[in-house]
Structure formats: C-alpha cells, structure tokens
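Chain by chain, the residues run as shown.
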Amino acid sequence: MQQLLNGVFLGSIYALFAIGFTLVFGILDRLNLAHPAVFAAAAFIGIELVTLGGVSIWLAIPLVAGIGALLGLVIERVAFRPLRGRPDAHFAGLISSIGLAGMIIALLLWRYGPDTRRFPADAFPATTFEVAGARVTLLQVAILAISILLMVGLTWLVARTRLGRAMRAVAENPRAATVLGIDVDRVTATTFALSSALGAVAGALFAMNVNSAQLGMGAAIELKGLAVIIVGGMGSLPGALVGGLLLGLAEVFAVQYIGSSWRDLVAFGMLFLLLVVRPQGLFGSRRVREV
Amino acid sequence: MSEDILTVEDLAVSYGRVQAVRGVSFTVPRGALVTLVGANGAGKTSIINAVSGVVRPSSGRVTFQGKDVTRTPAHKLVRQGLVQVPEGRQILASLTIEENLQLGGWHTSGGRTEEVYDRFPVLRERRRLLAGSLSGGEQQMLAIGRALVAEPSLMLLDEPSMGLAPKVVDEVFRVIQEIRAAGTSVLLVEQNARRALRAADHGYVLASGEVARSGPGAELLADDAIVAAYLGLETG
Numbered sequence: 002m003q004q005l006l007n008g009v010f011l012g013s014i015y016a017l018f019a020i021g022f023t024l025v026f027g028i029l030d031r032l033n034l035a036h037p038a039v040f041a042a043a044a045f046i047g048i049e050l051v052t053l054g055g056v057s058i059w060l061a062i063p064l065v066a067g068i069g070a071l072l073g074l075v076i077e078r079v080a081f082r083p084l085r086g087r088p089d090a091h092f093a094g095l096i097s098s099i100g101l102a103g104m105i106i107a108l109l110l111w112r113y114g115p116d117t118r119r120f121p122a123d124a125f126p127a128t129t130f131e132v133a134g135a136r137v138t139l140l141q142v143a144i145l146a147i148s149i150l151l152m153v154g155l156t157w158l159v160a161r162t163r164l165g166r167a168m169r170a171v172a173e174n175p176r177a178a179t180v181l182g183i184d185v186d187r188v189t190a191t192t193f194a195l196s197s198a199l200g201a202v203a204g205a206l207f208a209m210n211v212n213s214a215q216l217g218m219g220a221a222i223e224l225k226g227l228a229v230i231i232v233g234g235m236g237s238l239p240g241a242l243v244g245g246l247l248l249g250l251a252e253v254f255a256v257q258y259i260g261s262s263w264r265d266l267v268a269f270g271m272l273f274l275l276l277v278v279r280p281q282g283l284f285g286s287r288r289v290r291e292v
Numbered sequence: 002m003s004e005d006i007l008t009v010e011d012l013a014v015s016y017g018r019v020q021a022v023r024g025v026s027f028t029v030p031r032g033a034l035v036t037l038v039g040a041n042g043a044g045k046t047s048i049i050n051a052v053s054g055v056v057r058p059s060s061g062r063v064t065f066q067g068k069d070v071t072r073t074p075a076h077k078l079v080r081q082g083l084v085q086v087p088e089g090r091q092i093l094a095s096l097t098i099e100e101n102l103q104l105g106g107w108h109t110s111g112g113r114t115e116e117v118y119d120r121f122p123v124l125r126e127r128r129r130l131l132a133g134s135l136s137g138g139e140q141q142m143l144a145i146g147r148a149l150v151a152e153p154s155l156m157l158l159d160e161p162s163m164g165l166a167p168k169v170v171d172e173v174f175r176v177i178q179e180i181r182a183a184g185t186s187v188l189l190v191e192q193n194a195r196r197a198l199r200a201a202d203h204g205y206v207l208a209s210g211e212v213a214r215s216g217p218g219a220e221l222l223a224d225d226a227i228v229a230a231y232l233g234l235e236t237g
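Those sequence lines, one after another, are chains L and Z.
Position 182 (the first sequence) corresponds to 183 in our numbering; numbering is contiguous.
Position 183 (the second sequence) corresponds to 184 in our numbering; numbering is contiguous.
Hints listed in this document are in silico derivations from the structure and should not be mistaken for laboratory results.
These numbers come from a predicted model, not from an experiment.
No false leads were mixed into what you were given.
Derived CB-CB ranges, DEER-like:
hint : chain 1 : residue 1 : chain 2 : residue 2 : range
1    : Z       : Ala182    : L       : Leu164    : 30 to 38 Å
2    : L       : Arg85     : Z       : Gly32     : 34 to 42 Å
3    : Z       : Pro74     : L       : Thr129    : 50 to 58 Å
Reference excerpt, derived from the structure (chain Z facing chain L, CB under 8 Å, subset only):
hint : residue
4    : Ser53
5    : Val55
6    : Ala75
7    : His76
8    : Val79
9    : Arg80
10   : Pro87
11   : His108
12   : Arg147
Backbone N, C-alpha and C fix where the C-beta goes; we use that ideal spot for every residue, glycine too.
Let's have the full structure, built from the sequences with the hints guiding it.
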C-alpha cells in the first residue's frame, strides 16, 4: 500500500510534466526540448524563494508557475517563432530548443553551482496521515491534489473554453484559424506559457517530493516525459496522465521488488511492451500523421 | 469613391521569384456583388489572400472602408468586418459544427449563431457532431455560416462551388444572393465563370495575374470574344 501511494505521488508529477510537454506537441506539433530545463530551473528557483526569500512552499508554487509561464514566452519567442516560416520548422525548433535548454542549464550552474540544493528542513509541514496502514505526509497529499487540479483544469480549458477552442483550431489548421480571426501568434505564445507553467510546477513539486534539486534532473525526466507522451498517445492529455501514473508505479515497484538498479529497465521495458501491443499509444488515434 | 467598400490599387503578389499577381486594380461598391473570374493560375486566390491579409502583397494598396489595410494582419481584418470563406472550405474537421461556428464568432458575441442555424437547419440538427462528418456541400454551408457569425460587411468567397454537385452549386449561389440581399457586400472568386458573371453586378476577367477585361457581368457574358478567349473552356 505504501509503495502504491508512493508510485501515485511520483506518477502524478511525471504526468504533470508530460502534460505540459504534450500540450505544445499536440497543439503546435512542436517538440519543445527546453521543457526539461524549465523543470530544473523551477526546482532551483523554488528552493531559493523558500530559503532566501522566506516564502512558504505553498506560495512558492504559484510564484514558480508564473516564472515558468514567462520562461515559456521566452522559449517561444527565441527558439520557435523566428523559425516558424522554414519548411523544416519542426526539426529546426527541436534543435534550437535543445540549444536554449543548454543555455538555461548553464545559467543555473552559474547562479547555483554544481551541488545538490535542498529546501530548509523546517519548510515542510510535519502533518502526516495514515491511509490503510501507509504513512502519507501532507506534502504528498498536496502534490497529488495540485497535480490533479491542474490536469483537470487544463483538460477543461482545452475542451470547453474559447481559448481551448482556438488552441484546437490552431492545432488542426493554422491557416483556417487565421482566416477566422484568431491571432495564431498569440494563441501559440499562450500555449507555450501554459505548458511551461505546468512544467515549472512539476519541477518544484518534484524537488519537494525528494527534497533535492540537481542540474541533471531535467535530463533525467526528459526521456521519461517523452516515453510517457508516446505511450499515452502523441498529443493526448488523458494519455499523458495515465502514462505518467503507470511510469511512476512501475518505477516504485521495480525498486521495491527487484532492486533499484533495475528501475529504468523495468519501467521502460514495460512501456516498450505496451507500445508493441498498442502502437498508437493508450489514447492515440490510428490516424497517420500527414507530413 | 466613398461608396466603395473595397478599393484595390495596383496589387502585386510574389512567391519568391514567381509573380502571381501583377498590378491588379478593382473596386467593390458597397452592397454590390463583384466577381473575379479566370482560369486556374490566373492569380485569383492570391488576390483574395492578399486582400484578407493572409499573404503580404509585394506592392500596391488595399483600402477597406476608407482605411489603408494593406499591411493589416488577417485576424484584425476579421474584426473590422472583412471575412474570408477560404478555398477548399477549411472547416475544422476535428471540432464540432457548433465549435466551428463559435470560432467564427471569435470577435463577436456569437449572437448570429441562431440565425445561421435558421438558414441552414441541417447544421442545427448535427451541431454536436464533428464537422468532418458533413458532406462537401454541407461543409461549404458551414464555412459560409461560420463567416456569417463574424458579422462581415464584406465577404470574400474563394471558389465556393468547387467540387460540388450541380444541385448544391445552385444552393450555394442562392445563399450568396441572399447574403448580398441582406446588405453584405460580396467579392466572389470563381472558376465557374458563367455562373459567377450571371450573378454578379460587375466582373473582372483575370489572365496571368492581370485584369484582362472588366465590365457588368451580363455584358462580359454577352461578349463572344471574351467568352471564347478567356472563358472558352468553362462549362457553365
């Protein structure tokens, strides 16, 4: 039971990260590889806000989301917008976003140094609960609640609101969206801001969950995020949610029952098997993408 | 001049080194139905896209309701009342019919949606279905309906009869006449030249990116030389 819960907590963070990732991919058909750098930056900035700024961790989360949104606007402006007219814009954006990710990590190294950073010991609430014999901290409950809330909110936004409709219109046919009076540039920038805000919150929550932030944490979650969006079905929000949870559970159980060095082998092996059975992903459509 | 809702002067459009439109001028008087006809590649769609701000003209001037809008982006022109029904309909197949109409009313209250449903009852019946499930003719009605929700003062229609059965083409032209009768100015681009000229107050015949002839629609149609030279291959 304890392991199940731990897996759910970890998985919900993966899901939050992957949902931001897949939002830009599904709507704009762009893979933003600076997303993991936002994840790492948010962890360090969150720790600094709490340590030096004396901000409570509850306030740090919305602040980090705001900073993430700003980073998203910068990423769109610097790494994607100048390239959008190129025939190879997908690939060019992918490469330029890797470059931008490298710059963000270099800035983090310059400001925070190479060492692991932690939240101050008294930053976390001491409250714990018993759930069916397992021990759960208030922080873990909050992580789960925040993740679920953000994911439900995002799904609602995409499905029901004016902005969501515009996002789906841009996703399907940017030309048609323009003709309808939609400012495609603005919708694109907003999508990046939302995506990066989610990635940033995921980074801050991840750092709280394990109480550490490392420069390599973005790179470590990058492949997992990609695996989750492929397994979930490219661009599918519920797919990213289920895929993230599956990955979190697989990792925790692999560590518990097989050994920590087997973690990635088991987790990725399972995702791989899933793809063999269902090549289009859990929630993906069979539609072949037109090039 | 102030009676013209749209004035296009010496418009040129190039794609790289290919010049698609070479110095075209025409006007749309307020409340009129004006058509641009010509064969494939005559530059019709390029003109529509340049006027509606989707592509940048390389030179020339576009004046809409007295304002120079040559460099105004498409999404702002929609807000000012210049709305395009694009070639190939460009409906959003993965969204529902209702969502397509709501997007048409992006800048308005969307209050015209009911009016559009009254005009096209088939759209109301299927409002919750994906737009991709409609037939070609119904998709064209949705594309026109979507433009109507935006409350245009000038509607640009690019090849609205393309790929449709003759009976459906009749309906499309009937709807265009109704829209015009309700006070909206219309600029119609068509390969189906006979049909378009018969419906229009004024026509321009385009060839290789230039205006070859212009005049009242009926007059152009009556001129055997024009029909033979420019419209000969059309099956009206």
